[in-house]
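Engineer: Here the protein sequences come in this chain order: A and B.
Residues in the first sequence are numbered from 1 upward in steps of one, following my numbering.
Residues in the second sequence are numbered from 1001 upward in steps of one, following my numbering.
Since the hints were derived computationally from the structure, they do not count as laboratory data.
Keep in mind that a hint or two might mislead.
What the hints assert, rightly or not - When the alpha-carbon atoms are kept at most 27 Å apart in a straight line, the in silico DSS-like pairs for lysine-lysine are as follows:
hint : chain 1 : residue 1 : chain 2 : residue 2
1    : A       : K397      : B       : K1134
2    : A       : K164      : A       : K308
3    : B       : K1134     : B       : K1166
4    : B       : K1134     : B       : K1119
5    : B       : K1166     : B       : K1123
6    : B       : K1140     : B       : K1119
7    : B       : K1166     : B       : K1119
8    : A       : K308      : B       : K1119
9    : B       : K1140     : B       : K1166
10   : B       : K1140     : A       : K164
11   : B       : K1123     : B       : K1134
12   : B       : K1119     : A       : K397
13   : B       : K1123     : B       : K1140
14   : B       : K1140     : A       : K308
Stated by the list, open to error - Okay, the calculated bits of chain A under chain B, using three or more residues with CB under 8 Å as the criterion:
hint : region
15   : 8-15
16   : 293-299
Positions of the beta carbon are idealized from the N, C-alpha and C atoms, including for glycine.
Take a look at the letters that make up each chain.
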Amino acid sequence: MMLLSIAYRNIWRNPVRSLVVIGSMVLGIWGGTFIVGFFSGMTQQQLEDMLRQEVSHVQIHGQGFLDQFDPTDTLHATGALTAALALDERVESFSARLVGVGLIASARLTTGGMVVGIDADAESAVTQLGDRVVEGDLFATDRPNQVVIGTRLAERLHVGVKNKIVVTLPNREGEMVSTALRVAGIYRERAAAKAGARIYMPARDLAGLMGVGAARHEVAVFARDLSVVQGLAADYAGQFGGDLVRPWNAISPELRLISESYDQYVLIIIAIILLALLFGIVNTMLMAVLERTRELGVLMAVGLTRVKVFWMILLETVMIGSIGGPLGLLVAWGTIEWTGVHGIDLSRYAESLEAYGLSTHVYPTLDTGGYVEILIMVVAASLIAALFPALHAIRLKPMDAIRSQ
Amino acid sequence: MNSNQQPVITTRGISRTYQQGPVDVRAVDGVDLSILPGEFTALVGPSGSGKTTLLNLIGGLDRPTAGEVVIDGTRLNDLDENALIQFRLHHIGFVFQAYNLIPVLSAAENIEFIMLLQKASAKERRTRTQQLLKDVGLEKLGHARPTQLSGGQQQRVAVARALASKPAFVLADEPTANLDSHTAESLLDVMEQLNRDEGMTFVFSTHDPRVIARARRVVTLVDGRIDSDEA
């Protein structure tokens, strides 16, 4: 107890120095934690955007469909599959789609693209397509032959809402069929969405055009929680006549890379900050020990064992860490929470951010586990930093230390 | 003093040689010395005569290159570093020239600290600290930090700290060197009284004629050897 008291008082015998080191710890931890939160928010947003708008959690395709996009390669039992998904509590939403590859033409341009037949409500539940419609609507009326196209395609085709485009694609019989569609809405494409047009029309219209009836080519599933996705995919694989069931990480290796590399980036950032912190603490504590050489000599002369001297120095360091660490984390938490709500506007870098598929508004976030991990690492770094000064202290010879100036 | 008493300090042929560049310097050279309980002894001699080195050897702060030191029946040569620290804690009190109190502790805490290391009970610590502060005439300054005390007061606290562990003897290295005449006399009064009333053994290294005048035995060292030993 007395050691604790001495250690505590030693910290405050040079308050300016202690406050400087605590201040630098607070700043370092604040900056580091905030960067981790910023990066975490950016990565999570990127992942969520891609999962939400493109990949979804699980995709199920008819066997062989992805090889040729043959209209006849529909799901083995669309009705049974969708019924099972509707009853599955792990599933938040799903969208059964028809997919055709064909030509999309306006008076100005003809381009290749993917024509996706959807149920508007189901699709909006999975990909939030309805929310992303920036002009017009997503099949608000029951009028036949409507289409919703992306902003970039609309620009290239030079069409707007209510204009017509012509779609040509193969039907079930292998014949090319065409139809004129009126643009009902224009949706905002994800900034870094893969090149290539993707247009949406009501599934019943496309089914009629392709002649596939009630069958569908793919089902996109969004789970309630990312943690259940792998189990969900495994459960459906092989259950429905050999349909291809893939979780998000199998669909998009790019996403898996983002997710995996995030941990490494975070580790690198934290390691750099802790290294700086470590040297700062070593410097301060070594100064504190050198200044007290005579005093340490006296303590050892009158009966304080080397083990206790070692603990005393360690305690002083841990106390500094215990003040600076949580304070830094508290400030970081406040900053992350505030910016997490209000966002950080990076629109001035929009062009380069969008090229990497990143949003121009970042909402930093860090879960409790993240804070705990950083706190543990700070305490560990403080302890490691204390070792050198503490070892220096216990190597002192009382007789020489007492005579030192 | 009873001549049948066992010495509290015995040195047999102790030497301490230091390497200074290519030269071996023999700071203490074959010293035989016995100190009986209750003595009030001054080690005197010119600078470089080996007083402080001898004191360090007796106090277990340094190890002899030859000979042996026996304190209270224990041969210090046989103790390792940790055992030596424990031995110092329980058997030897130190008073240093520069007081060397722990600046972050109050006067009372400086005294209590030693008993805490000895694992004395809280009650015993409190009682003994108050008694020691009273013995050195500082009962009202227990709460003061060393920086709030004069040099003489600090040295009194140092004496009280040295006595806190109930040691076999107190070693005082030039205890009055930093004190003015009046303060030095007053400190010597305190130590003399403790010696007289409680039979505490004191061994000083000193130049100070005031200390020498009060000592009941004066051991003079010259070139690391005992030149004279007068009681």
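Engineer: The structure should be examined with respect to each hint, and the outcome stated for every one.
Structural biologist: We went through each hint and held it up to the structure:
no.: 1; hint: A:K397 <-> B:K1134; verdict: violated (33 Å)
no.: 2; hint: A:K164 <-> A:K308; verdict: violated (85 Å)
no.: 3; hint: B:K1134 <-> B:K1166; verdict: holds (16 Å)
no.: 4; hint: B:K1134 <-> B:K1119; verdict: holds (22 Å)
no.: 5; hint: B:K1166 <-> B:K1123; verdict: holds (16 Å)
no.: 6; hint: B:K1140 <-> B:K1119; verdict: holds (25 Å)
no.: 7; hint: B:K1166 <-> B:K1119; verdict: holds (13 Å)
no.: 8; hint: A:K308 <-> B:K1119; verdict: holds (14 Å)
no.: 9; hint: B:K1140 <-> B:K1166; verdict: holds (22 Å)
no.: 10; hint: B:K1140 <-> A:K164; verdict: violated (101 Å)
no.: 11; hint: B:K1123 <-> B:K1134; verdict: holds (17 Å)
no.: 12; hint: B:K1119 <-> A:K397; verdict: holds (24 Å)
no.: 13; hint: B:K1123 <-> B:K1140; verdict: holds (19 Å)
no.: 14; hint: B:K1140 <-> A:K308; verdict: violated (31 Å)
no.: 15; hint: 8-15; verdict: holds (count 3)
no.: 16; hint: 293-299; verdict: holds (count 4)
When held up to the earlier numbered hints, the structure conflicts with 1, 2, 10 and 14 and fits the remainder.
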